[in-house]
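Engineer: Each chain, written out:
Protein chains: 2
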Amino acid sequence: MVQNLDAAQYAGAVYLVNPKRPVLHGRQCLGSVEELPCGVDCAVLAIPASAVVEAARTCGRMGVGSLIVFSAGFAEAGTAGRAAQQELAAVAREYGMVVEGPNCLGMVNYRDGVALTFVSNKHCAQREGAGAAILSQSGALAAVLAVNMQHHQIPLTYSVSTGNEAVNGVEDFVDYFVADSSTRVLALVVEQFRKPQQFLAAAVRAQQAGKHVVLLHPGSSQAARASAVTHTGAMSGDYAMMQALVRHAGVLQVETMEELVDVTQLLVCLREMPRAGAAIFTESGAFKALTLDLCERVGLPLPQLSAAAESALREALPAFIPPSNPLDLTAQGLVDPTLYRRTLPSVLEDACFGSVVLAIILTDAQTMELKLPPILDALRTLRPAKPVVFAALDEGAPLEARFLTALRELGVACFPSPERALRALARVTQWQPGRAVVPPAADPALAGRTLPSGVWTEVASKALLAAAGIRIAAGSLVHTVEQALAAADALGWPVVLKAQSTELPHKTEAGGVMLGIDGEEALRQSWATLQDNVQRYRPGLVLEGVLVESMQAQGTELILGARRDADWGIVLVAGFGGVQAELLHDLRLLPSGLTAQAMEQELHQLKQSALLHGFRGSPALDTAAVAEMLVALDVLMTSAPQIREIDLNPVVVYARGRGALALDGLVITD
Amino acid sequence: MVQNLDAAQYAGAVYLVNPKRPVLHGRQCLGSVEELPCGVDCAVLAIPASAVVEAARTCGRMGVGSLIVFSAGFAEAGTAGRAAQQELAAVAREYGMVVEGPNCLGMVNYRDGVALTFVSNKHCAQREGAGAAILSQSGALAAVLAVNMQHHQIPLTYSVSTGNEAVNGVEDFVDYFVADSSTRVLALVVEQFRKPQQFLAAAVRAQQAGKHVVLLHPGSSQAARASAVTHTGAMSGDYAMMQALVRHAGVLQVETMEELVDVTQLLVCLREMPRAGAAIFTESGAFKALTLDLCERVGLPLPQLSAAAESALREALPAFIPPSNPLDLTAQGLVDPTLYRRTLPSVLEDACFGSVVLAIILTDAQTMELKLPPILDALRTLRPAKPVVFAALDEGAPLEARFLTALRELGVACFPSPERALRALARVTQWQPGRAVVPPAADPALAGRTLPSGVWTEVASKALLAAAGIRIAAGSLVHTVEQALAAADALGWPVVLKAQSTELPHKTEAGGVMLGIDGEEALRQSWATLQDNVQRYRPGLVLEGVLVESMQAQGTELILGARRDADWGIVLVAGFGGVQAELLHDLRLLPSGLTAQAMEQELHQLKQSALLHGFRGSPALDTAAVAEMLVALDVLMTSAPQIREIDLNPVVVYARGRGALALDGLVITD
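Which chain is which? The protein sequence lines are A and B, in order. Going by the working numbering, the first residue of the first sequence is number 1, and it counts up by one from there. Going by the working numbering, the first residue of the second sequence is number 1001, and it counts up by one from there.
One thing to keep in mind: the hints can contain errors.
As the list claims (entries may be wrong) - Covered, in the sense of this in silico footprint (three residues per stretch, anywhere, with C-beta under 8 Å from a C-beta of chain A), are these stretches of chain B:
id : segment
1  : 1130-1141
2  : 1279-1285
3  : 1384-1395
These are computed hints drawn from the structure, not numbers from a lab. Quick caveat: nothing in here was measured; it's all calculated off a predicted structure. For each residue, glycine too, the CB sits at the ideal point set by N, CA and C.
Could you build all of it, start to finish, from the sequences and the hints given here?
Structural biologist: Now the structure itself:
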């Protein structure tokens, strides 16, 4: 750490404290924390875990503003460690100290050349220009990312590892970086958000300030979630819910370290976000075909040339190069130094392209000397505001530093391979702005109700759902077969019978549901069978009644639902019903506060969404009605905080204009 | 080219021919091809396209063994070019000359330092050790790959670009490299196989010789297939069929240039193929979780530790490191130099692991100096035959050349990032040995039949299918409603009616299929409706009769089929029926000559294969019967070469032991 501070020529005061050694690294040591002057900004505790709490308390007494605790052996190490961590937190709160760690690798403030980490870092002062802040719960990955980003010449502002987060977590540092004028991009590695709502709010603020948050969060696999529990001692949250909510807050999620670095580079370089697909200039027909494959795979749209762009390109290109996107320039760049200056304007000025990728073959120094100067010349002349990305086709070709620096100065992101460039560009192009979660207005009529607690019967659930404006099948609760007959006559045959009891949440399994009953005799028989089934399934159970409903027209079945998470708040869910959907995990999680229109757009993101559009001659379905149903669920959850969960399974969706209908409903309250 | 030959100190005779310049590069030029001595091995034609055919003819007369033709402007450039290419081919055949090109970038023979290419190449002599041959139809990508592979220190034997393939194609060069003792891995970029069966046979021979063929073939997207047509002037084949057949021939397919390089490196280094999943040693808990996610995504199995390995590791590790896979060694490698020597044996000796990955944090030179020597020491001591892969976690950390060389000498593949290492290892671990296509024995009874040509009726198709041993619903062809009644009584009610005419291949659309007819009155009415429908659909059509079949029990519906491709031969197909399957493209293409067991394994690779195993309480299905049906189709196709296509749609599959049944069948003959 002392070497790091020296390397960065840190000019502030540094006090070393060591009870045993009077001199370290040629500097005088103080014998104890008590000898420190008052008002030290930050104390780094590089001492055994057992001495941490006492040292922290002394620091607090001495007016130290913050602590960095490297020592491991706290919450990650069992019961005693957890107790020690709580004690450390209590001390920090008592004295109002910020704490990084314990079990962390410290931090680097590149702007002021303050490297409070034991990881050797020779380049820990980068005092100019906007850049990226690294923020990682894992200290190892913070260190790895710093090496990686510096290798790719990504300017850094800070690197912080938060470790066990006894007091301050990633959310607090995100708050700080969002307010820091030099930080444009936040590159995060998070294993668990402890204050998710604080994070979501900060992510939205980041975007309002023209900044981006890029998140790598392990846990897409069950195995990783299990591992996180042992590794961090933290409970694993609901990964899919986290994903959906941070996406709606405008966070860019990535899947690997490589992507985290590449997307960060792109965002640091970009002057504006791409608002459409990419135009790609390349130099090989086979590579063009590979690019078409790759872009389809990673989801980067490659728009067709507009008529204007096509005719401009046709004019600028020799006859043997047909205009297209991607554009195969062949080896023409080697013989025509004005090629790029003449061809680039047509795609830079065309609004259907959000970015331009130059995928160039470098081979050797001689070729590079022929190709790069004309490209740089064209970019200097055209000064595009639109994102431009440079990718060398041949990884390892010796792209000279002067070319790389010149490209970066022009705001061009540079990648060692087209695969990486296109993957990162796809993520950035797919990005959707986030929005602050604005809960819908509570409905006073719903908010005023007294709700029983526990698992509700279908009939009770449906009464509440109907009050919330959700369309359900008409029905009556009856207690005798004669009442059932009267109800069937009133509702219209054929009918269904459904046993009702809070102790029978799985009534189908219990044989408590009878379908397609068409006539008195059938009803009498079904009634008897239903009663028998329920008695066999749960002897002695007294039903609260039987729900009689008229059979509804068949249609495509969806599953809708809502639940309240202790940390993340309200989340809605919409998906297809049936076996295939279950195999495909075909559902979408949605935050509270979306408009009906946004809800409907989400339905069209379902894997089997083709089934909603009128697949193979069937009519397009009433997704607007489904979206309204989701909004109604959201209002109900917001109005009645006692509700923990609502399930509508199934919801039948009819052709456009004919609505949607919840065939079953379940409400669970606290 | 002359500079390349000089750089490689090529010792053979080189003749320059130029009618205008007496001296080039300080060498005397001959004024014409006629002045060449007899028996020149290879003539490189770096001349305008218009002069190529004449020069080729003269070369032929002078006994030149082979031609390399750089010139473009042949088949890729329209009608005149195609004619010129055919003339060039005719000349080459007349004189028995091998031809590379036209429209190619030439070749490099690294073993003998012969670089016959105009791409500058300073390292074109690598005279020792086994290595990889690059073979690409695209000259640009051959050049790019050479730079890329040399950057990753992959030893090269040859690099050939075949261009337009007027005479010799990739298949011929594959034949040569399979026979070449120095070539262990063939790295291919192919846009179209012109002689696919030759390639498949060579791929199987490659494997028998202990070699591997790695293939990058654009065309997974529709856009890329369309682009290939304009780019190469070649018709685009059936990409899915190509994929299935080369996979069954043991070819390793990859999706990007990066993967082609990485898989090639791995295969050049490996002493044996991994026969199971990987054990991963790493140094961060967060990275362990990311690795679990990534391995699930790329399909690399990470087996659990065996009890023996777990107990051995527990003994070798400090108490704070719990044995697991991946294993998080924390930073313990920095303080314990014997860590790797003590822990590696437990996974190297455990048969449940097919490979070992060391994913190491390098950070800086100092850290590297602490970590690498103990790792190298352990590997030198243990000399594992099992594949070992080294991945630096921090891309760009300055891994010193001496460490890299030492790792490579120990047969360890080295990757700049764990993502790349694990993706490449997943491909290699998933690899299945190919098998030579052994067509099933023809059935003399089937081979002896005289088959009418064209589209067959269902009843005729089913007669042939039944003769081939395929189970179909019992039925009778009738011509009157009275005959239909008698047939229904004999077959058993309820029945179906199906209009039969070769001019009515889509009989369902025509209203020519009536289902669920249960009784005389219904049958009479259905008969009349059917006749009416058909007359309305195709007025004046005379049916060949009506097929009466008894209704069959419902079950899961599959679609089976077979077709004969002009280039690739017989290919079978099996998939799920229904709308979801169509959305998912859920089908498998299978080569001829698989055993019933192999066919059944393929069925279990379908995306919705869970539906075959007894999903959610339904019984496991009789996939063995379906596999037998596929074998019967294969025998039928093999026995009767006039058959172009067979479709069984649907085939109903019942519970295990209860078989499968083709409900409809269609045969098309040439």
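Engineer: A separate judgement is required for each hint: does it hold in the structure or not?
Structural biologist: Right, here's what the structure says about each hint:
{"no.": "1", "hint": "1130-1141", "in the structure": "holds (count 5)"}
{"no.": "2", "hint": "1279-1285", "in the structure": "holds (count 3)"}
{"no.": "3", "hint": "1384-1395", "in the structure": "holds (count 3)"}
Checked against the numbered hints above, the structure breaks none of them.
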